[in-house]
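In case you want the letters, here they are:
10 protein chains.
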Amino acid sequence: MKKADVKELIITSKKAKGLGWEEIASKIGMSPVWTTSVCLGMNSAPKEKADMLVALLELPAEASAVLQECPMKIWEQAVPTDPAVYRIYEIMGVYGETIKEIIHEKFGDGIMSAIDYEMYIERKADPKGDRVVVTLDGKFLPYRAW
Amino acid sequence: MKKADVKELIITSKKAKGLGWEEIASKIGMSPVWTTSVCLGMNSAPKEKADMLVALLELPAEASAVLQECPMKIWEQAVPTDPAVYRIYEIMGVYGETIKEIIHEKFGDGIMSAIDYEMYIERKADPKGDRVVVTLDGKFLPYRAW
Amino acid sequence: MKKADVKELIITSKKAKGLGWEEIASKIGMSPVWTTSVCLGMNSAPKEKADMLVALLELPAEASAVLQECPMKIWEQAVPTDPAVYRIYEIMGVYGETIKEIIHEKFGDGIMSAIDYEMYIERKADPKGDRVVVTLDGKFLPYRAW
Amino acid sequence: MKKADVKELIITSKKAKGLGWEEIASKIGMSPVWTTSVCLGMNSAPKEKADMLVALLELPAEASAVLQECPMKIWEQAVPTDPAVYRIYEIMGVYGETIKEIIHEKFGDGIMSAIDYEMYIERKADPKGDRVVVTLDGKFLPYRAW
Amino acid sequence: MKKADVKELIITSKKAKGLGWEEIASKIGMSPVWTTSVCLGMNSAPKEKADMLVALLELPAEASAVLQECPMKIWEQAVPTDPAVYRIYEIMGVYGETIKEIIHEKFGDGIMSAIDYEMYIERKADPKGDRVVVTLDGKFLPYRAW
Amino acid sequence: MKKADVKELIITSKKAKGLGWEEIASKIGMSPVWTTSVCLGMNSAPKEKADMLVALLELPAEASAVLQECPMKIWEQAVPTDPAVYRIYEIMGVYGETIKEIIHEKFGDGIMSAIDYEMYIERKADPKGDRVVVTLDGKFLPYRAW
Amino acid sequence: MKKADVKELIITSKKAKGLGWEEIASKIGMSPVWTTSVCLGMNSAPKEKADMLVALLELPAEASAVLQECPMKIWEQAVPTDPAVYRIYEIMGVYGETIKEIIHEKFGDGIMSAIDYEMYIERKADPKGDRVVVTLDGKFLPYRAW
Amino acid sequence: MKKADVKELIITSKKAKGLGWEEIASKIGMSPVWTTSVCLGMNSAPKEKADMLVALLELPAEASAVLQECPMKIWEQAVPTDPAVYRIYEIMGVYGETIKEIIHEKFGDGIMSAIDYEMYIERKADPKGDRVVVTLDGKFLPYRAW
Amino acid sequence: MKKADVKELIITSKKAKGLGWEEIASKIGMSPVWTTSVCLGMNSAPKEKADMLVALLELPAEASAVLQECPMKIWEQAVPTDPAVYRIYEIMGVYGETIKEIIHEKFGDGIMSAIDYEMYIERKADPKGDRVVVTLDGKFLPYRAW
Amino acid sequence: MKKADVKELIITSKKAKGLGWEEIASKIGMSPVWTTSVCLGMNSAPKEKADMLVALLELPAEASAVLQECPMKIWEQAVPTDPAVYRIYEIMGVYGETIKEIIHEKFGDGIMSAIDYEMYIERKADPKGDRVVVTLDGKFLPYRAW
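Taken in order, these protein sequences are the chains called A, B, C, D, E, F, G, H, I and J. Mind the numbering: the first sequence is residues 1 to 146 in the numbering used here, read in order. Mind the numbering: the second sequence is residues 1 to 146 in the numbering used here, read in order. Mind the numbering: the third sequence is residues 1 to 146 in the numbering used here, read in order. Mind the numbering: the fourth sequence is residues 1 to 146 in the numbering used here, read in order. Mind the numbering: the fifth sequence is residues 1 to 146 in the numbering used here, read in order. Mind the numbering: the sixth sequence is residues 1 to 146 in the numbering used here, read in order. Mind the numbering: the seventh sequence is residues 1 to 146 in the numbering used here, read in order. Mind the numbering: the eighth sequence is residues 1 to 146 in the numbering used here, read in order. Mind the numbering: the ninth sequence is residues 1 to 146 in the numbering used here, read in order. Mind the numbering: the tenth sequence is residues 1 to 146 in the numbering used here, read in order.
Treat the hints with care, since some could be wrong.
Incomplete in silico selection of chain E near chain F, CB under 8 Å [as the list claims (entries may be wrong)]: (1) Lys73; (2) Val94; (3) Lys100.
Because the hints were derived from the structure by calculation, they are not lab data. Every residue gets a Cβ at the ideal spot worked out from N, C-alpha and C, and that includes glycine.
Bound conformation, chain A alone:
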């Protein structure tokens, strides 16, 4: 059993039970983004949370160990084609140098970590059309001089 198999099982069970990602996350006491990324096989879960997912979604017992494994994070498309994902890529292209300038101005030389990192996605009501608000929250890592 591999991450891809567990992902399949989770999606099937989630549909059958009529659960949403937010609901699953809330039941295991974690955030929706992290929980979804674990279920899709792009993050590893601590044993306690893995066991809760197995119980909640009635997965086979061995799925817990698989959820705890460190995933080999592979994405096939250097430039993603799906429009919803591509827009993130476009933002990286259009605003990449801007992000870099502002991080350097506020913190000095270094980067925003994508590992010591949290992420939130919210719906913001707006009379002209509701908005998606995505928050990237990563530790600043300064370059070391030695």
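Fit chains B, C, D, E, F, G, H, I and J to the given chain A structure using the hints.
Same frame as chain A, now just chains B, C, D, E, F, G, H, I and J:
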């Protein structure tokens, strides 16, 4: 005179005057991300803001028209090498499908616009090391059925 | 059951029943382009239309849920090889900057949406050889300044 | 003097004279898309139209011959990064197979020509936001069996 | 049953019957290049010829419909590795600009069609070593000005 | 002085003198394709022909040595974008396996040489529209078994 | 049965019989490089040699016909990753222009054929560490002027 | 002064003096391949040989230091287009796995070094057409187990 | 049975027995990096060590021969996406020229071998957060002049 | 003045003064790898160190500010061609999964930082040939669960 020339002039003037991007943005009454992206040539400014930038940074008069032009937005590297920019790319790769799942759960089929879009970058104090907080705020666009 | 499976079932059923895409579209009260793209797995259908497709094409009941899912839109070839598809790519290459210039002249800085978007394909009689007329109709989205 | 030089001269003269592409096109009695593509160096003009462009925009005399040359049509980016151009690419990716299916249904095996081809771009008023309407109009070319 | 399946069946039957491509072509009254390309799945056949192929090669009846389908023409390798195919690629690279120059000199701005197109391959005896003679014969398509 | 410089000089002189490629070729007693490819820097000329080109086009004396040099044959685009050149690429993709099959049937295992190679381009009158006829004529090279 | 199947059978039989490539080659009276390349599916064998391979390795009878087929020579990696193969690629990169210069100096304009071609690999004893000696032996092919 | 400048100076001087690569190599007491690769900037020379090249070709004095520098070995084309260089690439593709098999059979696991490496290019007379013989001679490097 | 199959068996057995890579390495008397790379199919083992692995992990007997085979070392992604692997790629990009400069300063022209090579990975305690220490230890190979 | 200009000035001055990277590093009290990477433009220096470099190498005063800038870290070649740099790439390919396995075994899910990172390069004497020892020392960053 092209966008690249104006960008050079702005960076030189900014250094000479000891200004930061936040300060420039605040003086023209706009956000730092938008202002920086206009100065770097990746967005167009309305005439009023372009004129304010020219005045503030003592650019040649014709720079205003250039700042108002719609830019051809080109980035050379399909996968960026700079570590600060790459981390955004990595986030897109690791969390792309997760973002898609959660947008669809909250809104239905559609995307977060990268055009009707705002972006903020903040420094959040944290005893374990301060954090970079980037907020992506784009209008939800539902797919049209016709 | 996935979008690819439903696509196979639809194509088989369509052949067996001797139906055309236009006919299918007309029977569910939608346009041919949208209907075809839903059947090929590149758009999601609202429940009512998904159910009508299932009934019309005598698909298994669970196909309706699959037709309603938000698709992960993947195309494998960055540059398509099929001549009929390549010609669209060629038009994008040859006329891309022209389209950009004219949109900016008519609307200001922004883009034609590919999400809030409709498309029509017609046959136009012409004594020198009939012509294909493809209409792209997308909402203009102005860049936001903030 | 090459196409790129003439393009530069045209853009400068156009700005200086405050002309739009539609206006230029109308003065030489051709469509805006074709006229713009000639000025940007992606199409060749017949002598009469080239001379009219030279006169209208007060270009150097030798520019006429350059406008008449058959261009080597090069685009550098296999996948365009500019958002306005990318959306055409996205439409090709999302709807490519659909276009192919409908052309084959209406005409049989063959393609829409990108050579014996016309293109129009219009602004359509819409209370929910005006729309860009792009019309691709190419001769159907049937595959030959021999 | 798909084009790839029919291709397999044809190759197996052709071997079993000891037929050559020329012989097959001659028996269905078409040229060898066109016939071979239909059998390999890169062209569609009119019903009459498809039926003749099915009869001649004793294919299952449903193969006729598959042979009549408009193929999705995919080649996997942007630069082909097989030496016999690569040489055509090399000729395109070495002589591409030359071909363009001479077509423009003889016809004006336009291209040789690859759709309204015929192709022949012959063996020419030569005392220094026989030669392969490939004839590309495509309709000239002039660019349209509108 | 390099091949690119001589190419520029030749194109300028050719325009000034109102010569065509066919005329130049005929005056030096060679074929138009070979002559054009030499002038564009993709083939080397024997001294006698190089001197004739220099005399005919009134090039600087040192151009003869440059025309005799063995060129480093570089093309920048793995997949060419220019429509006239792309059609040759498309033919290679669509008919590549067919060409291979027919060469093997007529000659056994081996290839058509692109070195011991001649090429001709003709205009063929046709009431439905004149046709471009390109002839590739290369020595068959059998694989050696040793 | 395809080339890949026969390759598998040969490797299994070779292991079971404890044969080396040199030994196999010697028993069919051919060179080791050619023999190995035939067994790996990258060259075709004449009937006599194919039959000898079938007998020697006790392959199924139909393997002989497969060994005689002209292979479609595909390699998946444009830049090979395996270190032993990569070193050949590196030599091509580092010494490519040198090889070209020396061939042109010794022979004039043309190439070393990779078709009318033999190759040998030997072990040369050396007190500082034995050496691999690879000999490429290809017919010189002069460019044709026509 | 950089390697590329010295390469230009060497080629100019070589032409002016009517020297060949073999002659230059012989005068500095080294092999033609190594000497040519040093002159083209793809290898570094020991001081003694660099000084001899400077004297022989009457280069400026500072060229000696440049010839002694360790070059950054860059080649632009992952797949080379020049036919003479491409054939080496093709040999690597067609015979790569064969080379690997035979090295492993003769030496065990390891590679042929491209660093502790010599290379020779000879002309071999042959009544059917002279042949290019390229000898690659590299130290076998066994993989280390630790 | 192939390397990929043995890798699967080893990972399953390792989990079932609750062994770590360090423990396995220690039991066969080799280093953890080498042992892991053999188990993952990227190095070959001498017979003695292969037999020890088979015994320790209770693999089928034929796995020993597979572990002794010289692997075809393939990695699919030219630029790796997994963050842990990508960081090594990033170090190569950021420090590649630096590594080159320092090797040349300390040793002269040449490289660090990746074949006559050892590698160690250690955990170093640090109050600010423990550190990963990776040691690359390869023989210096000087370029040969001949 | 940009990073590339300062790099040029440093290399020229270093040669003129006969300094090595180790010597420069020692004089500014930093490590050789960090110092070299700053001089080559791939790291930023704190003001004190930048001033020391300017004094030591007698650079123009404004070079100090440039050395302090946060660099845009670009490398052009996704797969490096230079053999000394390529070997690092090869190590990443061959041992990437191994490094990942061992980091995960020793630390759990996370990565070695390339930002909070030090690097050392040493020469280790060895009777069979001296060895290059490269030490990568990066903070372990655990993935955050939130």
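Check: Among the hints numbered above, which are violated by the structure, and what are their numbers in rising order?
Finding: none
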